[in-house]
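Work the whole structure out from these sequences, hints included.
Using UniProt numbering, count along the sequence shown one by one with no gaps and you end on 448.
Hints listed in this document are in silico derivations from the structure and should not be mistaken for laboratory results. Take these hints with a grain of salt, some might be off.
[What the hints assert, rightly or not] The following label-pair restraints were derived from C-beta to C-beta distances:
| # | residue 1 | residue 2 | range |
| --- | --- | --- | --- |
| 1 | T315 | N255 | 51 to 57 angstroms |
| 2 | A174 | V330 | 46 to 52 angstroms |
| 3 | L423 | N217 | 34 to 40 angstroms |
| 4 | W180 | R432 | 54 to 60 angstroms |
| 5 | A178 | F114 | 31 to 37 angstroms |
| 6 | E185 | G269 | 34 to 40 angstroms |
| 7 | P425 | P380 | 40 to 46 angstroms |
On a predicted model such as this, the values are computed, not experimentally measured, just so you know. Heads up, the beta-carbon is just placed ideally off N, CA and C, and yes, glycines get one too.
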Amino acid sequence: MSLGTRKMGLGMATMLVAGNMIGTGIFLLPTTLAAVGGISVFGWVVATAGAFALGAVFAKLGQLDPQPGGPYAYARDFLGPYVGFQTNYVYWFANWVGNVATAVAVVGYLIEFFPFLAHPVARMLANLAVIWALTFANILGPRAVGWLESATMGLALVPILGVAFFGWLWFDPAVFMAGWNVSGESDAAAVSRAAAVALWAFMGVESASVSAGVIENPHRNVPLATLLGLAIAAVVYVLCSTVIMGILPNEVLRNAHAPFAEVARLALGDAAVWVIALCAVLKSVGSLGGWILLTGQTAKAAADDGMFPAVFARTNAHGVPAPGLLIVAVLMSVVVVVTASPTVAGQFARVIDIAVMLTVLPFLYASIAVWKVCYVNAVPRAVLYRYMVIGLLAAGYCVWVIMGAHPTVARNGMIVMLLSVPLYPFFIRSMREAAERKRFEALMAENP
Numbered sequence: 001m002s003l004g005t006r007k008m009g010l011g012m013a014t015m016l017v018a019g020n021m022i023g024t025g026i027f028l029l030p031t032t033l034a035a036v037g038g039i040s041v042f043g044w045v046v047a048t049a050g051a052f053a054l055g056a057v058f059a060k061l062g063q064l065d066p067q068p069g070g071p072y073a074y075a076r077d078f079l080g081p082y083v084g085f086q087t088n089y090v091y092w093f094a095n096w097v098g099n100v101a102t103a104v105a106v107v108g109y110l111i112e113f114f115p116f117l118a119h120p121v122a123r124m125l126a127n128l129a130v131i132w133a134l135t136f137a138n139i140l141g142p143r144a145v146g147w148l149e150s151a152t153m154g155l156a157l158v159p160i161l162g163v164a165f166f167g168w169l170w171f172d173p174a175v176f177m178a179g180w181n182v183s184g185e186s187d188a189a190a191v192s193r194a195a196a197v198a199l200w201a202f203m204g205v206e207s208a209s210v211s212a213g214v215i216e217n218p219h220r221n222v223p224l225a226t227l228l229g230l231a232i233a234a235v236v237y238v239l240c241s242t243v244i245m246g247i248l249p250n251e252v253l254r255n256a257h258a259p260f261a262e263v264a265r266l267a268l269g270d271a272a273v274w275v276i277a278l279c280a281v282l283k284s285v286g287s288l289g290g291w292i293l294l295t296g297q298t299a300k301a302a303a304d305d306g307m308f309p310a311v312f313a314r315t316n317a318h319g320v321p322a323p324g325l326l327i328v329a330v331l332m333s334v335v336v337v338v339t340a341s342p343t344v345a346g347q348f349a350r351v352i353d354i355a356v357m358l359t360v361l362p363f364l365y366a367s368i369a370v371w372k373v374c375y376v377n378a379v380p381r382a383v384l385y386r387y388m389v390i391g392l393l394a395a396g397y398c399v400w401v402i403m404g405a406h407p408t409v410a411r412n413g414m415i416v417m418l419l420s421v422p423l424y425p426f427f428i429r430s431m432r433e434a435a436e437r438k439r440f441e442a443l444m445a446e447n448p
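Here it is in structure tokens:
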């Protein structure tokens, strides 16, 4: 079989982008947005516009300079080695913090089967158990985790598409308007908050760019897959979020640990709740197992490039970076403890605030890099100006999200980002050695 036949075509790449966005992130997002109210529908409009600007940025980057690594690669090549180092560091940080949100979603829906998990201490222990069980599963036999992720891929669509398209049969405009703006802030501030939260739903917009190395005809398919996948995700998310707010009263939705299950209970009775909750749990477990392994592999790749400590590059007999996975599990456990909240919704909101804040920085760098990529590739002047405007809009959206974040979240995100400054000098030498080693290996491959 040739290499080309193993690569993804446009359809599969589009589903990769849409699938990375439509998934476990939406399972608790309506509860988080309920703290703002129905006015969050305008937040979705702003977030979708910002996501399309970011999507256009990644689409153009993927078209002009397709390469594995996505945001990190573009930051490194067009903004300098330190910015590349910082982007890789922050992007990795955001990924494992985001994994904690998925673990919270797993336990939130498990409460439907085991009500005692609603107690904060029991829920925290359950979160830790889920994280460590999947970590050891990856270390001992990652194929099983990969099989679980593949087998559960379509399960997320059962509750999500069911609510998005059939939930309107139970939609009540009066219920929707009764919780229009419950944030206690002005309409503008409420929309800003909702748009920042909604950006969590579009994490994955860079998937095709990151995966450019395994996509057929990346110059054509990466930009198309990015924009088509984004459009699919945006439609599904807006439909789901809006219809749930018109079915469940705001005071119920704000405290729901499993909003899709609550909708099923109200619409179809208790029997449907277990089906929806089981789909959500299995999909979330499969997704989390895959993301834990991916986070470990990302750290291994960074260690191979000299940007992370060598311990992250060590592998076991299965080829799995076991020490790196254990370190990630410890870090995730710390986040579970420090973000502990009396409610599932409260903890989920805290975690995604941190993850969004950290992810915005690589997106901001990519929005700036697109100007230089267009210039270096000598695109027509009209195209250059167009993407200067699009890049400026995308960068402006990223800055707006940062400015709209809670002060504590913004401060903590800034601390994490600034930690890369004292760390960078310790890795300059190893990065140079790794680059020289790769150049030597490439030369030997060309001249055996």
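Evaluated hints:
no.: 1; hint: T315 / N255: 51 to 57 angstroms; result: violated (44 angstroms)
no.: 2; hint: A174 / V330: 46 to 52 angstroms; result: holds (49 angstroms)
no.: 3; hint: L423 / N217: 34 to 40 angstroms; result: holds (38 angstroms)
no.: 4; hint: W180 / R432: 54 to 60 angstroms; result: holds (57 angstroms)
no.: 5; hint: A178 / F114: 31 to 37 angstroms; result: holds (32 angstroms)
no.: 6; hint: E185 / G269: 34 to 40 angstroms; result: holds (37 angstroms)
no.: 7; hint: P425 / P380: 40 to 46 angstroms; result: holds (41 angstroms)
Comparing the model with each numbered hint stated earlier shows that hint 1 is the single one that does not hold.
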